[in-house]
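Each protein sequence line maps, in turn, to chains A and B. Residues in the first sequence are numbered consecutively from 1, following this note's numbering. Residues in the second sequence are numbered consecutively from 1001, following this note's numbering.
It should be emphasised that the hints constitute simulated quantities derived from the structure, not laboratory data. Each hint should be verified, as a subset may be incorrect.
Simulated coverage check for chain B against chain A, where a stretch passes if three residues somewhere in it have a Cβ under 8 Å from a Cβ of chain A [stated by the list, open to error]:
1) 1040 to 1049
2) 1151 to 1158
3) 1178 to 1187
Examples of chain B residues toward chain A, derived with CB under 8 Å [unchecked claim]:
4) Asn1053
5) Asp1111
6) Ser1113
7) Gly1277
8) Asn1279
Listed next, the in silico DSSO-like pairs over lysine-lysine satisfying Cα-Cα at most 30 Å (straight line) [unchecked claim]:
9) A:Lys310 / A:Lys242
10) A:Lys45 / B:Lys1052
11) A:Lys44 / B:Lys1270
12) B:Lys1270 / B:Lys1025
13) B:Lys1226 / B:Lys1270
14) A:Lys44 / B:Lys1220
15) A:Lys246 / A:Lys310
16) A:Lys6 / A:Lys45
17) B:Lys1226 / A:Lys44
18) B:Lys1270 / B:Lys1008
19) B:Lys1132 / A:Lys45
20) B:Lys1132 / A:Lys44
21) B:Lys1008 / B:Lys1220
22) A:Lys309 / A:Lys5
23) B:Lys1136 / A:Lys45
Positions of the beta carbon are idealized from the N, C-alpha and C atoms, including for glycine.
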Amino acid sequence: MADVKKIATRDSYGNALAECGADYPNLVVLDADLANATKTLVFKKAFPDRHIDCGIAEANMTGIAAGLATCGKIPFISSFAMFAAGRNFEQVRNSIGYPHLNVKIGATHAGITVGEDGASHQCLEDIALMRAIPGMTVIVPSDDVEAKAAVRAAIEYQGPVFLRFGRAAVPVINDRPDYRFEMGKGVLLREGTDVTIIATGILVSAALEAADMLAADGVSAEVINIHTVKPLDEELVIASAKKTGKVVTAEEHSVIGGLGSAVCDCLSTHCPTPVCKIGMQDVFGESGTAAALVEKYGFDGKGVYASVKKFVS
Amino acid sequence: MNKLELQKTANEVRKGIVAAVHGAKAGHPGGSLSAADIFTYLYFEEMNIDPKNPKKEDRDRFVLSKGHTAPGLYSTLANRGYFPVEDLPTLRHLGSYLQGHPCMQETPGVDMSSGSLGQGISAAVGMALAGKMDNKSYRVYTLLGDGELEEGQVWEASMFAGHRKLDNLVVIVDNNGLQIDGSIDDVCSPNPIDKKFEAFNFHVINIDGNDFDQLEAAFKEARATKGMPTAIICKTLKGKGVSFMEGNVDWHGKAPNDEQFAVAMADLEKISEELGGAN
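Only chain A is shown next, with the shape it has when bound in the complex (with noise of 0.2 Å):
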């Protein structure tokens, strides 16, 4: 794998929001004094009278979102994702949430893959708490592609949407021609008999790895992109499931609340199936590399192999 193409998706969001910005005059981008780590620096520079620094000041940057929301405006709020739905998750619910507001939250810096930081700037709730939103749309990009698909999926979109990126390099993997990005739906990457892989985020590719692995062993792994946690494609996970009657689901984030449970929850009310959940097992993260983080806490090819491996055997 070491000729893939690694991108990091803050990157995809900063340079989305910059190609976009042409098309939509009433996009805005709004920051709290980390502009040059969300990178939405590029789309400052392209657009310095439609980006507005908020200084560190979170709360009111959402406020503020709103507002502009209610005049026209498709603002774009960008902040690790620590700040923008951890310190202002009860502003993101009744400033944005409860009347709908057209507000767009760029959560950058997600998951334990911020790295060197540590545990108080890795944000493993962040799906929990805006999933929990009435109305809040919640996308967890794989990759760059998916990533700037998102990004210009959730300014066609009329209401609020929370989109997840992360601060670590990681593969393009969707990049082919077909590639076609559409909000709430699944995406089938590889069919299998014998168990369904259901990732988000850097876990998908991840998964891809794994069900190659597990393939050398005999078990046929079915791996299902899962970009929008909310609303969930139920219908693919549930026929999924029916097919291989033992589903993994992979996330960088805490087993509780995330993409696991969302497919829980549907599957416990749809078609009871064991699931095995890989994700942060109720433990904060720690500082190091991002690398050695992913590893450490099996969220690799090797990681997910192994969790997928004891689950069926």
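Once you've looked at the hints, dock chain B against the given chain A.
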């Protein structure tokens, strides 16, 4: 409207507040009554609005940051013709479009949902910023409680508004001196309020917020102020107009029973008579 007409209108707004809270058997009369003159001046004199077209694009905007005083806003909107005054007692009832706290999707004339203190001012700042970005001439008004000033987000928003020189924004503080747990001085004093807003680069005006001459002068001064937002600090009397509610913190968030309702309406009827009847 002249001063007498405004006073009469504010008294009708107060009657609507009492009727709404009595009908709801819950709600916040104290801070609604203290701000009734502010609401009245805004909606009957100051703001460019059209009750027939509540979402008119270039209208002036109002955000009730102290959202718990929704009865004050609702009664003002009803008296201004956005919806029937007779609907006010449905406040907080299941299925009513008059939710316990302002909901922009439910109620005609409500420009922003609010209720969680400290958040409304940020939305107002966003509206003012949008106006500047689009070179629009509309103005944005937001009303805060003095207890609400204890929320940190108020100062985040104020810092931004001052920094961006949003002179199309007017922050109004209903300084009635009381919050749920008691006097603002005892709980966690936000004083001196005027000095704080000055420090955040606002033009600050101190007035008696229950005096229409002073309200008129202050809003005119705000309109003439360029290059900075204005904060109007309004000293008011909590519960104003209802004898047993005036200055009494117990009436922050409590509804009158039938007997108290009768006394309250008699108090306000007496004021009507003193003012020479309705408009």
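Structure-based check of each hint:
no.	hint	result
1	1040 to 1049	violated (count 0)
2	1151 to 1158	holds (count 4)
3	1178 to 1187	violated (count 0)
4	Asn1053	16 Å, violated
5	Asp1111	7 Å, holds
6	Ser1113	4 Å, holds
7	Gly1277	39 Å, violated
8	Asn1279	32 Å, violated
9	A:Lys310 / A:Lys242	21 Å, holds
10	A:Lys45 / B:Lys1052	43 Å, violated
11	A:Lys44 / B:Lys1270	61 Å, violated
12	B:Lys1270 / B:Lys1025	24 Å, holds
13	B:Lys1226 / B:Lys1270	42 Å, violated
14	A:Lys44 / B:Lys1220	37 Å, violated
15	A:Lys246 / A:Lys310	12 Å, holds
16	A:Lys6 / A:Lys45	24 Å, holds
17	B:Lys1226 / A:Lys44	27 Å, holds
18	B:Lys1270 / B:Lys1008	12 Å, holds
19	B:Lys1132 / A:Lys45	20 Å, holds
20	B:Lys1132 / A:Lys44	18 Å, holds
21	B:Lys1008 / B:Lys1220	22 Å, holds
22	A:Lys309 / A:Lys5	28 Å, holds
23	B:Lys1136 / A:Lys45	25 Å, holds
When held up to the earlier numbered hints, the structure conflicts with 1, 3, 4, 7, 8, 10, 11, 13 and 14 and fits the remainder.
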